[in-house]
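Visitor: One letter stands for each residue in the lines below.
2 protein chains.
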Amino acid sequence: MKKIAVVAMIGGLLQPVSAIEARPTSLEKPLKIARQGSFFIGGRDVSSAALGEIKPYPSSGQIVVDQIYVRFQIPDGKTRSPILLIHGCCLTGAAWETTPDGRSGWDELFVRMRHPVYVMDQAWRGRSAFDPTIINEVREGRAPVNALPVVTSASKEAAWEIFRLGPRYPIAHPGLKYPVAALSALWAQMVPNVAPSLDARSPTVEAISALSQREKGLVVVSHSQSGIYPFLATKAGAKEISAIIAIEPASCPAVGQFPDRSAQPRILVVFGDYIAQSERWLPRLEACRKFVDSAKAAGLDAVLVELPKVGVFGNSHMMMQDTNSAQVATIIDDWLAARHL
Amino acid sequence: MKKIAVVAMIGGLLQPVSAIEARPTSLEKPLKIARQGSFFIGGRDVSSAALGEIKPYPSSGQIVVDQIYVRFQIPDGKTRSPILLIHGCCLTGAAWETTPDGRSGWDELFVRMRHPVYVMDQAWRGRSAFDPTIINEVREGRAPVNALPVVTSASKEAAWEIFRLGPRYPIAHPGLKYPVAALSALWAQMVPNVAPSLDARSPTVEAISALSQREKGLVVVSHSQSGIYPFLATKAGAKEISAIIAIEPASCPAVGQFPDRSAQPRILVVFGDYIAQSERWLPRLEACRKFVDSAKAAGLDAVLVELPKVGVFGNSHMMMQDTNSAQVATIIDDWLAARHL
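Quick mapping for you: the protein sequence lines, in order, are chains A and B. Per our numbering: the first sequence = residues 338 to 678. Per our numbering: the second sequence = residues 338 to 678.
If you are wondering where the hints come from, they were derived from the structure by calculation, not from laboratory data. Please note that a few of the clues may not be correct.
It does not matter which identical chain is used: a pair holds within one copy or between any two.
PhoX-like, lysine-lysine: derived pairs with alpha carbons at most 25 Å apart [to be verified]:
{"id": "1", "residue 1": "K366", "residue 2": "K415"}
{"id": "2", "residue 1": "K572", "residue 2": "K493"}
{"id": "3", "residue 1": "K415", "residue 2": "K369"}
{"id": "4", "residue 1": "K493", "residue 2": "K369"}
{"id": "5", "residue 1": "K369", "residue 2": "K633"}
Isolated chain A (complex conformation) (with noise of 0.2 Å):
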């Protein structure tokens, strides 16, 4: 009863809730895998003479970046629509993967759900390789110290309060799901970002698109700092993408950039808990609604959830590794199942 309500709550269900196919419930069965594995997509070669030292070998030649790493699992049997899970700031696909707390991640619902599933590492973070040249270039005084790039690590401190764990380290949110018990594993996770800026165009861009050619009807979930890349694929041209999830993205497109008329992913937005106490989020879901409503105009399928509205509470930023993860993941899937996706 309950989870029908929720249902009906995010619209569009086109099915009674009988009608939606049956998905696996218990994480205890054995996971049936057809295939899986990895693969890069993209890269460009870069030419230097400050790659370092390997001895006996020149410190010149050539090497790839901008290539980005994706790890995916198919499930056995008959699949639904093929997911692609991006990552956001300071982190890597390993977010998505087993919570700190030693749950299934995402990764594995998703599968579970019989959705082929797509995880990347970002370009220049994790297993992608980042441009390494210029801060040996500077270290042999062959370009400036002001060259270098801004090498941008979240600490636990600012980590705490974007993803709204608390008001400020280490006071947490009353009421807040996120496994604090096992914090140490989420700042494990975190990783250094090399890249010139978070928020310039980016190969992710570009991998999405690559992507969404090779897996049709591919969804793209989204997480904070990642939300913009979807929504710029699409415009750039990836006519193939069935839906645009953005787990509270840092930036939606600003009302009248999106869709344009060749592209019309459905879309679902999506905000957790504590929302009106953080000036980082609260502006940022502001503008989500905003462009929801204008999408909604221009005849798209798009959904804005705020969690606690439809009576789910306690979600921090990092609602896939919150203690109701895999609720909030259902509430998606849902979403999707209802729109045969």
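Once you have looked at the hints, place chain B on chain A.
Guide: What follows is chain B alone, placed relative to chain A:
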């Protein structure tokens, strides 16, 4: 018949081949996974005022570095010895995953052989965060330019020789089994190394120890630059390691330095083809031969396999990606199975 000959030649067979437990031979069957996911081992807090820029947050605070990312898959059903795969220089755990030409990686092959498999990204590489603070300190004028790390990326040209694909880039060795048509996927896997020195004491050693405490009977498979770490971990007290499998280790322990009396792991060292033509690898093979001989003389179960001497030709340094990578994995697994591992 051929298989029996190979097994016999690499020695130590305790049972007739028919008694070796059956392993799946088809890669087409769905893979049944009991549990999978990822976690981090270790890590240390770093307090810094040089954490880059996430406006409006201060650039001071605490981050965590030295932790090691580990992804794992536990096959469904009865399992054999757990295996840890540790990549080599300039790579990440992705090196063990899907081969450049799209075949199953050793990570999956060993799961199909019923081993729980753990794959790490060495400290400061891939999903294991490096410490960026010194770069920001130099940029901000708070540290001298020569404090910058030497960030090492192997060029295509250097990697070609180190990986023994041929005498020099892009000339391949005759009969080479590396999938050179898919080389771009190899270059895409390579990442910069920010660590002060590849061969210095590494958090990898502690991570091996920690995992061996948790996963009794751990088999540690190293490659190249990581070759010495399992031996160092064993010397430092990791008594639960059942076997060390060193794939073309950059160094073997010096004669007399291993073992100590408290730990007696079984040892398999594997070298590929074209060693005599390699100024880099010939002395390393010779040093490993001396080490294996000394370990045998000390009563250890230690085996050196030079693949051409058991009739397997054309293997590069990247034998986990060569076109006969499944054959090499089977040779290793035969050695394990003969020891009931």
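Visitor: Which earlier hints can't be squared with this structure?
Guide: Hint check: 2, 4, 5 fail, others pass.
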